[in-house]
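Take the sequences, apply the hints, and build the full model.
Position one of the sequence shown corresponds to residue 2 (the working numbering), numbered consecutively onward.
What the hints contain is simulated information worked out from the structure, not anything from laboratory work. Just to be clear, a hint being listed does not mean it is correct.
As the list claims (entries may be wrong) - Below, in silico cross-link-like pairs of lysine to any residue (SDA-like), each with a Cα-Cα straight-line distance of 20 Å or less:
1. Lys-209 - Leu-199
2. Lys-358 - Tyr-426
3. Lys-209 - Ser-310
4. Lys-453 - Thr-442
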Amino acid sequence: MEGPLLSETLTEILIPVAAVIGIGFALLQWLLVSQVKVKPSTVSNGYNDRLMEEVDEEGIDGRQAVVKCAEIQNAISEGATSFLFTEYKYLGVFTVCFGAIIFLFLGSVENFSTKSQPCTYQKEKMCKPALANAMFSAIAFLLGALTSVLSGFFGMKIATYANARTTLEARKGVGKAFITAFRSGAVMGFLLAANGLLVLYITINVFKIYYGDDWEGLFEAITGYGLGGSAMALFGRVGGGIYTKAADVGADLVGKIEQNIPEDDPRNPAVIADNVGDNVGDIAGMGSDLFGSYAESSCAALVVASISSFGNTHDFTSMCYPLLISSMGIVICLITTLFATDFFEIKAVKEIEPSLKRQLIISTVLMTIGIAVVSFVALPSTFTIFNFGAAKTVKNWHLFFCVSIGLWAGLVIGYVTEYYTSNAYSPVQEVAQSCRTGAATNVIFGLALGYKSVIIPIFAIAVAIYVSFSLAAMYGIAVAALGMLSTIATGLAIDAYGPISDNAGGIAEMAGMNHKIRERTDALDAAGNTTAAIGKGFAIGSAALVSLALFGAFVSRAAITSVDVLTPKVFIGLIVGAMLPYWFSAMTMKSVGSAALKMVEEVRRQFKNIPGLMEGTAKPDYATCVKISTDASLKEMIPPGALVILTPLVVGILFGVETLSGVLAGALVSGVQVAISASNTGGAWDNAKKYIEAGASAAARELGPKGSDCHKAAVIGDTIGDPLKDTSGPSLNILIKLMAVESLVFAPFFAAHGGILFKI
2 MEGPLLSETL TEILIPVAAV IGIGFALLQW LLVSQVKVKP STVSNGYNDR LMEEVDEEGI
62 DGRQAVVKCA EIQNAISEGA TSFLFTEYKY LGVFTVCFGA IIFLFLGSVE NFSTKSQPCT
122 YQKEKMCKPA LANAMFSAIA FLLGALTSVL SGFFGMKIAT YANARTTLEA RKGVGKAFIT
182 AFRSGAVMGF LLAANGLLVL YITINVFKIY YGDDWEGLFE AITGYGLGGS AMALFGRVGG
242 GIYTKAADVG ADLVGKIEQN IPEDDPRNPA VIADNVGDNV GDIAGMGSDL FGSYAESSCA
302 ALVVASISSF GNTHDFTSMC YPLLISSMGI VICLITTLFA TDFFEIKAVK EIEPSLKRQL
362 IISTVLMTIG IAVVSFVALP STFTIFNFGA AKTVKNWHLF FCVSIGLWAG LVIGYVTEYY
422 TSNAYSPVQE VAQSCRTGAA TNVIFGLALG YKSVIIPIFA IAVAIYVSFS LAAMYGIAVA
482 ALGMLSTIAT GLAIDAYGPI SDNAGGIAEM AGMNHKIRER TDALDAAGNT TAAIGKGFAI
542 GSAALVSLAL FGAFVSRAAI TSVDVLTPKV FIGLIVGAML PYWFSAMTMK SVGSAALKMV
602 EEVRRQFKNI PGLMEGTAKP DYATCVKIST DASLKEMIPP GALVILTPLV VGILFGVETL
662 SGVLAGALVS GVQVAISASN TGGAWDNAKK YIEAGASAAA RELGPKGSDC HKAAVIGDTI
722 GDPLKDTSGP SLNILIKLMA VESLVFAPFF AAHGGILFKI
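Okay, structure coming up:
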């Protein structure tokens, strides 16, 4: 077998260099955003001339606006930071405890022996002891958890740093505001992609010092990295989702429906908590979520490769193929970002959404070329891949097709998601029209839309699975998932842009800025709402492929030759696994409802008991609403998190690996469909409301204006959809990934000691 064209030395250089370039580019974007000042300057008549080009035209007091925006930004930033630090204290305790469980369970496989043992897949060779695997898996878990937490935290900090700056730049025109919001999103995207790659690469090289030629043990231990990332993502998504939706639902039900005041009106006590929630849920939660997907897809590919010809021949360059794909992705996304910020200038509102969608197309086309280059220089022309005990002969162009089909399937899912959630197309417009007869028909149409929106994404995922498995077995599916995530920096930039723009609009409203400024920020927010839905589509699609790849690795590691659904042990797992997404969704939605109930009662109390609040002469108590969301989310995130974390442990120990394989398959098949439906239903209701509010067409104006019966029906639909699209739906993709990667990490223990009930 011929070796790859790319030398091992060059591979050792290229991967960290790409990561450093990504970090450097993120810092450059942050520096450019920081040029916008949110504090009045002492020169040039007391404020910054650069921000004031349109002050006279808009009739805005520049200094007062800057001061007010700075105050609101500080309140949002402090609220988000306080919540995350409190959440991370709880997660720190969980991380240490669960790391100890990993060590104890895996160490007990060989009774904590320090002697070398026969390798799992090559019995004639000796591998490192199980105790080493236990220790290094626990360390990898801690590193993955820390990287995930930092990814979410950095994203939140840049978002709260950029929201007021976007508002202020909107005074110079919609193009300037767009660039500020997008560059801020790019900071998060590139920091996450580059840090995830760099930490994983360094971890592999440090672990290699001990493991030496035992690559089977090395990459099995590395799977802990994916588990750590996903565990933090689960609590970040659930906790952040409950926080943001409790505030959002409370603000909407009392403010917009009962008091008939605008969204983000400063008189609404829940408005600061709502804006804080956008950052801790949609920014920090999404960052941790996609980092988890990236880490898990990389780990799944590395585990399968380590027991294939790459691992047997110690071909480091070919082993690093998944990391080289991610490295190429960072470079491609860097070039793609310049198309939005430097090569083309947005001059009108109608150009915003096409510019964002152009990012997806450009990155996908360029990345396809990049995949071809990496596939032909980093892989031998022919090699073998482990396939459930057999060796499958694969060519390098096979892997090019596997990664590419994952990449293009992601684009298909993104565009289908946009079609079903954007108010530029008929599905959402039909939902808006259904509001004529009240909230009930709006809910019926929205649910039908969500169910229908599942069809094409599932076919896209099915085609990607069939083609990639046919060409390169489970390794093909793992790299297909990596292909879908290869443009993660661009995807996250687009996704983070949405909440930043949403916050910018809220700040404009609270600061009492001119209606023209609010119209510009609303236009940014409307485009961001659609791209946020696209981001959720990517996350769910990649989760399906990642989970299947991890499932394959688990089945191989647990020494299961086939999963027969007609076997009673497997079938009971299958039907219980299919039930878990519904149980999980019930818990998260009820949590949002309970927290929202407390928020509604508090907002009503303040409107009733604070004299002058409705007249705008008294200031609401924002801090109490922030505390309600914080306390509720931290308390309510524990039960659904425990359900996901404990299920694989309980099933594996009591019922064994065959039943657990059924649970994983059932949760995957059911969870993906519920997640897509929930996310798209909620997104459609949200944009139907915005369609009526914007009144951009004659049909939309007939349904409005704000405060009409149609609009109130749309607000009710949007309120119902909030926990679907921002809590339950996005969290489900973490459920199926986390259960799969946890099962893989604990597979040696389950294989050795699991199935207690069936042994009685």
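Status of the hints after comparison with the structure:
no. : hint              : result
1   : Lys-209 - Leu-199 : holds, 15 Å
2   : Lys-358 - Tyr-426 : holds, 15 Å
3   : Lys-209 - Ser-310 : holds, 18 Å
4   : Lys-453 - Thr-442 : holds, 17 Å
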